[in-house]
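S.K.: Those protein sequence lines, which keep their order, are chains C and P.
With the working numbering applied, the first sequence closes on residue 220, and no number is skipped along the way.
With the working numbering applied, the second sequence closes on residue 102, and no number is skipped along the way.
It is worth saying that the hints were derived from the structure and are not from the lab.
There may be inaccurate statements among the hints.
Output of the computed footprint for chain P on chain C, the stretches with three or more beta carbons under 8 Å from beta carbons of chain P [stated by the list, open to error]: (1) 23 to 31; (2) 69 to 77; (3) 94 to 106; (4) 136 to 145; (5) 148 to 155; (6) 173 to 187; (7) 211 to 217.
Cβ pair distances, simulated, as ranges [stated by the list, open to error]: (8) P:Pro32 with C:Ser151: 45 to 51 Å; (9) P:His61 with C:Ala99: 45 to 51 Å; (10) C:Pro95 with P:Arg81: 34 to 40 Å; (11) P:Trp5 with C:Ala137: 21 to 27 Å; (12) C:Ala145 with P:Ala36: 32 to 38 Å; (13) P:Gly93 with C:Asp179: 29 to 35 Å; (14) P:His61 with C:Ala100: 47 to 53 Å; (15) P:Val63 with C:Gly119: 44 to 50 Å; (16) P:Leu80 with C:Ser40: 31 to 37 Å; (17) P:Thr102 with C:Ala152: 49 to 55 Å; (18) P:Val63 with C:Ser39: 24 to 30 Å; (19) C:Ala195 with P:Trp5: 29 to 35 Å; (20) C:Gly119 with P:Gly59: 44 to 50 Å.
Note that beta-carbon positions come from the ideal geometry of N, C-alpha and C, so glycine has one too.
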Amino acid sequence: MLMERTTYAEGARRAWPLAVAVGGFGLTYGVLARQAGFSSASVVVFSILTFAGSAQLAAVSIVADGGTAVAAIAAALLLNARYLPIGLSVAPYLPGRAAARAAQGQVAVDEAWAVSHRGGGRYDPRLLVGAGLTIYAAWVVCSVAGVAAGSALGDPETFGLDAAFPALFLALLAGQIRDRRLLVAAIAGGAIALAMVPLVPPGVPIVAASAVCLAGLRTR
Amino acid sequence: MTTTWVVVLGASAGTLVIKGLAPALLGGRALPARVAGAMALLAPAVLAALIVTNTFATGRHVVLDPRAAGLGAALVAILLRAPVLVVIVVAAGTAALLRALT
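Model the full assembly from the supplied sequences, consistent with the hints where possible.
M.R.: So, in C-alpha cells, the structure goes:
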C-alpha cells in the first residue's frame, strides 16, 4: 500500500530534464560511433539493445583505437556491472512474472533508478518505468540523429572529435565521484591503465583497471 | 561478421543478462556489503582508465597531443558546471583549434 499514488506519467515528467542531457549524450555517441567506422545500422541497434551510454562509448572507442572485440565487450560489460547491484536494489519492488521483471530491469538505467528512489532503499516501479522509457526514447532517437550528423561530417580530427571521447568520460566520472574512496579508485584505475598502455594491446589496460575493485574487497 | 557487429551483439547480449538477472531471479535479498562496496569502485576505475587511454594513448604509445589540452578544457568546463554538451564542444574545439594553429 503506497501512501501516495504514483503514475508512469509522473516518472516521465520527473525524467524530462535528465532525458535532455541523455539525448545530448546520445547525439554525441551517434556522431563518434559513426566516425569510428561503425555502420549506421550497428550504431542504432547498439542503442536499442544495450541502452547504456558509457558502455557503448567505451566499446566504440576501443574498436576505434584498434582494440579487439573481446577487449571492447569486456570493457562494456565491466562498466555495466553496476547494473547487477542496481537490479538487486529494485528487484523486490517490481511486479509481474520473471520475464516482466527482467524487462523492467532493462530500463533501470542510472538516471531512472535515481528518479524512482523513494528514500530508505525503497523504489517505485511506476516511476522507474515511466522515467526509464522516457530516457530510452531520448537515447534511441538522439542516437539516430547523431548517426545522420556523423555521416555528414568529414575527418573527425579536424573537429577535435577524438578529444570529445575523454571529455565525455570525464563528465560521466565527475557525476559519480561522491566520496574520497571513489576518487581514489578513479585515480588508481587511471594510473594502472596508463602504466599498461605500452605493455599490452589497446583495450586491455581498461580491463586491467578493474582490478582496483579487488582492493575494495579487502578494505572492509 | 565484422568486428563492429561482434562488439554490438556481444555487449548487448551481456548487458541484457546483467540488467535482467537480479529482477528475474529475486526476491528481496541484497548483495553482501563487501561485494557491493567493491562493485561501487568498478565504474570510477574503468571510466578513469577510459579517460587516460583516450587522451594519452595511440595504439601502444603514450603520447601528449592536442587531446590533452581538450581534456584540460573539459575539466574547467565541468568545474564551472557547464552542461555535458558544452563540455564536449569545449574539449573538441580546443583540440581542433590547437591542430589548426600548429
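S.K.: Are the hints correct? Go through all of them and say.
M.R.: Hint check results:
For the stretch 23 to 31 of chain C, the assignment as covered by chain P holds, since 4 residues bring a beta-carbon within under 8 Å of that chain's beta-carbons and 3 suffice. Coverage of a stretch by a chain is defined here by at least three residues with a beta carbon nearer than 8 Å to that chain's beta carbons; for the stretch 69 to 77 of chain C and chain P the count is 6, and the condition holds. Figure legend: the stretch 94 to 106 of chain C, annotated as covered by chain P; annotation consistent (9 residues with Cβ-Cβ distances under 8 Å, at least 3 required). Counting residues of the stretch 136 to 145 of chain C whose beta carbon lies closer than 8 Å to any beta carbon of chain P gives 0, which falls below the threshold of three, so the coverage claim is violated.
Proximity of the stretch 148 to 155 of chain C to chain P, defined as three or more residues with a beta carbon under 8 Å from a beta carbon of that chain, is not established by the 0 residues found. Counting residues of the stretch 173 to 187 of chain C whose CB lies closer than 8 Å to any CB of chain P gives 10, so the stated coverage by that chain holds, three being the minimum. Chain P is given as covering the stretch 211 to 217 of chain C, and this holds because 6 residues of the stretch bring a CB closer than 8 Å to a CB of that chain, at least three being needed. For proline 32 of chain P and serine 151 of chain C, the Cβ-Cβ distance of about 47 Å falls inside the hinted range of 45 to 51 Å, so the restraint holds.
About 48 Å separates the C-beta atoms of histidine 61 of chain P and alanine 99 of chain C, a value consistent with the hinted range of 45 to 51 Å. At roughly 38 Å, the beta-carbon separation of proline 95 of chain C and arginine 81 of chain P lies within the given 34 to 40 Å, and the hint holds. The hint said 21 to 27 Å for the Cβ distance between tryptophan 5 of chain P and alanine 137 of chain C, and at roughly 24 Å that hint holds. In this structure, alanine 145 of chain C and alanine 36 of chain P meet the distance hint of 32 to 38 Å, their C-beta atoms being roughly 37 Å apart.
A beta carbon spacing of about 33 Å between glycine 93 of chain P and aspartate 179 of chain C agrees with the range 29 to 35 Å that was offered as a hint. Between histidine 61 of chain P and alanine 100 of chain C the C-beta distance comes to about 50 Å, which sits within the given range of 47 to 53 Å. Between valine 63 of chain P and glycine 119 of chain C the C-beta distance comes to about 48 Å, which sits within the given range of 44 to 50 Å. Separated by about 35 Å at the C-beta atoms, leucine 80 of chain P and serine 40 of chain C satisfy the suggested range of 31 to 37 Å.
The hint said 49 to 55 Å for the Cβ distance between threonine 102 of chain P and alanine 152 of chain C, and at roughly 27 Å that hint is violated. Range check, valine 63 of chain P to serine 39 of chain C: about 29 Å between beta-carbon atoms, so the 24 to 30 Å window is met. Range check, alanine 195 of chain C to tryptophan 5 of chain P: Cβ separation about 32 Å, and the 29 to 35 Å hint holds. In this structure the supplied range 44 to 50 Å holds for glycine 119 of chain C paired with glycine 59 of chain P, their Cβ-Cβ distance being about 48 Å.
Of the hints listed earlier, those the structure fails to meet are numbers 4, 5 and 17, in rising order.
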